[in-house]
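Sequence order for the protein chains is V and L. Note that this note's numbering numbers the first sequence so that position 208 is 319, with each residue one more than the last. Note that this note's numbering numbers the second sequence so that position 42 is 47, with each residue one more than the last.
Simulated from the structure, these hints should not be mistaken for lab results. The beta carbon of each residue, even a glycine, is placed where N, CA and C say it ideally should be. Treat the hints loosely; a few may be bogus.
Below, in silico cross-link-like pairs of lysine-lysine (DSSO-like), each with a Cα-Cα straight-line distance of 27 Å or less [as the list claims (entries may be wrong)]:
| id | chain 1 | residue 1 | chain 2 | residue 2 |
| --- | --- | --- | --- | --- |
| 1 | V | 194 | L | 116 |
| 2 | L | 82 | V | 302 |
| 3 | V | 194 | L | 64 |
| 4 | V | 194 | L | 104 |
| 5 | V | 194 | L | 82 |
| 6 | L | 83 | V | 302 |
If you only want the chain V side, here are some residues facing chain L, beta carbon under 8 Å, derived [stated by the list, open to error]:
| id | residue |
| --- | --- |
| 7 | 137 |
| 8 | 141 |
| 9 | 142 |
| 10 | 195 |
| 11 | 197 |
| 12 | 198 |
| 13 | 199 |
| 14 | 236 |
| 15 | 270 |
| 16 | 272 |
| 17 | 275 |
| 18 | 301 |
| 19 | 303 |
| 20 | 325 |
Have a look at the derived ranges for each label pair, beta carbon to beta carbon [as the list claims (entries may be wrong)]:
| id | chain 1 | residue 1 | chain 2 | residue 2 | range |
| --- | --- | --- | --- | --- | --- |
| 21 | V | 269 | L | 83 | 23 to 31 Å |
| 22 | V | 200 | L | 83 | 23 to 31 Å |
| 23 | V | 282 | L | 104 | 47 to 55 Å |
| 24 | V | 273 | L | 83 | 42 to 50 Å |
| 25 | V | 200 | L | 82 | 19 to 27 Å |
| 26 | V | 218 | L | 85 | 54 to 62 Å |
| 27 | L | 110 | V | 294 | 48 to 56 Å |
| 28 | V | 217 | L | 126 | 48 to 56 Å |
| 29 | L | 107 | V | 291 | 57 to 65 Å |
| 30 | L | 113 | V | 224 | 40 to 48 Å |
| 31 | V | 189 | L | 82 | 22 to 30 Å |
The lines below spell out each chain.
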Amino acid sequence: MSFLSRAAPFAACLTWAAFAPMAEARPVSYPGGWTIMQVNNGDSSSLHAHYSPTASDSIGFYAERNWAEDVQFTGLQYNRLLKRWNGPSSQANTYLKLGVGQADPFGDASAELSGFAGFAADWETRRWFASYEARATDYAGNKSVRHSGRVGVAPYIGDYGDLHTWLMLQVDNHPEGDEPVTTTPLVRFFKGVQMVELGYTLETEELLANWIIRF
Amino acid sequence: MKLIKTAFASVAFSLLATPAMAEQPMDHSKMDHSAHADMVVEPNTDADPAASAQTVTAKVNGLVCDFCAQAVRKVFKKQEAVESVNVDLDTGEIVLGLKAGATLDDETIGKLIRKSGYSLVSIDRGEGA
Ligand SMILES: [Cu+2]
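With the hints as extra help, turn the sequences into a complete structure.
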């Protein structure tokens, strides 16, 4: 069965997620597509593996280890493409993201029902990129809101299948954090089905490393 | 420090694991030669669309990156009538090579492009080779 053969790598990821960190980017794929995303920054590490039954939805597993809030979240995430605008050489999207699961605070506190809700928007051409995301989390009763924005430019335009490179700047706002606003210059490498991002957060002197693979 | 190590490990994992993971979801029961070639070198474009019995060029809005191209290719490759799918991001065109004797009507092409998440602008039926 196609589903079973596709479930194998997914199961491997679930196992691996137990000690993996967190992030976010491509919320939906093509019908029948799988995506695995991993995000690592100064505050948290996350793993999101999702399956898209249609080009407008995805359902998957999400786990996050958050050192800023001393908590580990594990749960299910649903992403919905609210609207897409397809232009002759551009694409823009808005997404809704919902997560539900359990959060285990570090230490001896017991796990609690937890969740998050996010709204994301992006606009992209082959040369320019901009995105915004707002995310509200309730992890074991600890409520928090974050905003994140990005701009990017591709110094050269490659053909399909080439190595694509993007220079980006990410600004994060986490009002309750020790460092409420952080700036992270990063470079994105994108080739074939995988994307890797490496950056450095200036204020906290932390490394950012994200990757996405699609199949 | 721990985080930096984790981050590097994750990137290394990504680079090492990608080919294996990309191959795993193949449905072997349905594997044919074109799918196999697709698996090994993906993503790329199919060679020589002119070799197909007939080609259809669809102008599409919203194609901006390789993930877009991959989406369109995956969706059209599932069609019985389709032999090859070439995506040109510069022109926003998808060139479909059809199998000998096969047909794919405009309505179906439009539906498949919408299903992939993109918008059809126009269809141009090429002269067969
Ligand atoms: Cu794209």
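Review point. Honestly, which of those hints from before does the structure not fit?
Key: When the structure is compared with the hints, numbers 4 and 24 turn out to be violated.
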